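**Q** Residues per chain are reported as follows:
Number of protein chains: 4
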Amino acid sequence: MADEYIHFVTTGGTIDKDYLTHKGTRNFTIDDPAVERILETIAPEPNFDYAVESIMKKDSLDADDDDRERIREACREAPGENVVVTHGSDTMIETARQLDCDKTVVLTGAARPQRMTDSDAAFNVGMAVGAVQSLDTGVYVAMSGSVYEHDEVEKREDGQFVSR
Amino acid sequence: MADEYIHFVTTGGTIDKDYLTHKGTRNFTIDDPAVERILETIAPEPNFDYAVESIMKKDSLDADDDDRERIREACREAPGENVVVTHGSDTMIETARQLDCDKTVVLTGAARPQRMTDSDAAFNVGMAVGAVQSLDTGVYVAMSGSVYEHDEVEKREDGQFVSR
Amino acid sequence: MADEYIHFVTTGGTIDKDYLTHKGTRNFTIDDPAVERILETIAPEPNFDYAVESIMKKDSLDADDDDRERIREACREAPGENVVVTHGSDTMIETARQLDCDKTVVLTGAARPQRMTDSDAAFNVGMAVGAVQSLDTGVYVAMSGSVYEHDEVEKREDGQFVSR
Amino acid sequence: MADEYIHFVTTGGTIDKDYLTHKGTRNFTIDDPAVERILETIAPEPNFDYAVESIMKKDSLDADDDDRERIREACREAPGENVVVTHGSDTMIETARQLDCDKTVVLTGAARPQRMTDSDAAFNVGMAVGAVQSLDTGVYVAMSGSVYEHDEVEKREDGQFVSR
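Chains as they are written, first to last, in the numbering used here: chain Z, 292 to 455; chain G, 292 to 455; chain P, 292 to 455; chain H, 292 to 455.
Pairs of lysine to aspartate or glutamate, EDC-like flavour, derived with a Cα cap of 20 Å:
id : chain 1 : residue 1 : chain 2 : residue 2
1  : G       : Lys446    : Z       : Glu295
2  : H       : Lys446    : P       : Asp340
3  : H       : Lys446    : P       : Glu336
4  : H       : Lys446    : P       : Glu295
5  : G       : Lys446    : Z       : Asp340
6  : P       : Lys348    : P       : Glu360
7  : Z       : Lys446    : G       : Glu336
8  : H       : Lys394    : H       : Glu344
9  : P       : Lys349    : P       : Asp323
10 : P       : Lys394    : P       : Glu360
11 : G       : Lys446    : Z       : Glu336
12 : Z       : Lys446    : G       : Asp340
13 : Z       : Lys348    : Z       : Asp322
14 : P       : Lys446    : H       : Glu295
15 : Z       : Lys446    : G       : Glu295
16 : Z       : Lys348    : Z       : Asp323
Since the hints were made in silico from the structure, they are not lab data. Model, not experiment: these values are computed from the prediction.
Whole structure, please, built from the sequences with the hints as guidance.
**A** Have a look at this one:
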């Protein structure tokens, strides 16, 4: 169950947002993959091999069919059987339902950027890593503290992921 | 798979250490359960019910047979089928092997106190939560980025948990 | 020099920004005064008395003459002789030049919200507190690691405060 | 008043403590100077030149006369007129009283290691930097939120620095 390779695909979303300090920028910007910084906290070091593939840096509200096709391809072409996708929460479920590949794929993200104190990002990525090693082939969503099959989850108005 | 009750049992260990500021204290002290602070980062809020039961505040090197009996009892008496135990890493595997109960029990902890920047605590607890919802009845250890069955893991000299 | 009362006036700006997690919010919001959270880190506790007065929650690019008049009044009416004002950096110098009161007033803020890891907020507020206790009557700006008289500072395109 | 050179001398103490993760280490260790990490948060970058000179890594309870002589020499030989010394809090005042040099020297430290969340380290170093630029020649102590002349401060049993 342990010591397996995990392929991380990053697409942007809140988890990767940072606050830039230049004049006139009053906003958060999607920056480098948070998952790299989170995996570096594993001490003394991770006992699985992994690679982080950043395929886009988008707010998930702006993701279109071409973007979803790129995510689908990245999952299919990923080495090994275990894939974790970090994704914006607004359309995470939609992307999960359009993925089809014969691997164990877990999508996760964050309600609060990893760069902020009290972020849920490290917990969520941990949850996805724990699930991707334990689950059978299929596409899952790990958010709000639970792991769901992709067709058994919905996002409520207040942002919480719950069972449908 | 989701929305289930999880019972958290805390026993102390590095994950719960804090640095007290009184004169002459040159050391870390085991304080309140870190898992409570970690679960509070789940936003907007966790979609599982839970309780945190603190049964001792010990360095795991100091845990004796009586302590292990208390942990065993806490697991047996825990409501529901899903139990996460936070524990010091030095004797976590020993405790895991002495637990026997007909539930899904995942032990985890941290190499670096949750109160410190760059701690692995939130990732590890996330991993345990993701695993406890996904695994069959049994006792598991979630450390160093992987989830192990209790009889298939060992801790190396440098602190890393690996497959035996 | 020590143990004196300090009056903190907060007006918003980057230092007080937080990231809200509701659906569709892709942006920061100015939240409760960061200076309160920073002062709580002083251990075991601050040896000066203080109060925090939040008079507005604005991006400083949106501050108008009425807002500056409110800040001027808050400084005049502040108890004691030491006032620290937290303010957005974009128009901090403009506000400083329009303040006139017979107290020691130090304006500060942050390039990165206090809610983020690696924020400059705690350092900057510390700098302002160290300066307000040490300086004569006048209006000063404490940013980018230095304390300036209000008419001897300018902000460069890249956001750095430097001597004029 | 601004844009001047500041020389930082580090000696160890709580501010520089870290928690190492090797087996059997149940304790802190004094690590690399925290002041370097704090100064890196100044954004976009500090407007003063500086150097950080680490002359020892000691708990201040263990500092002896030879150590104090080394600190005295480091202050005398420091380039420029502004020196900030980071030091353990237990004997900070004793060291301050034995320093004599014709510069502005501010000693500071922390009640909580800089590596921990909610540390007072960044605030304290900011306070020292704000003070060293604003004060006349002399030796000062910046702790607990106030800046003191070295012969007008004492440390209470509970760790708070107050006026004598």
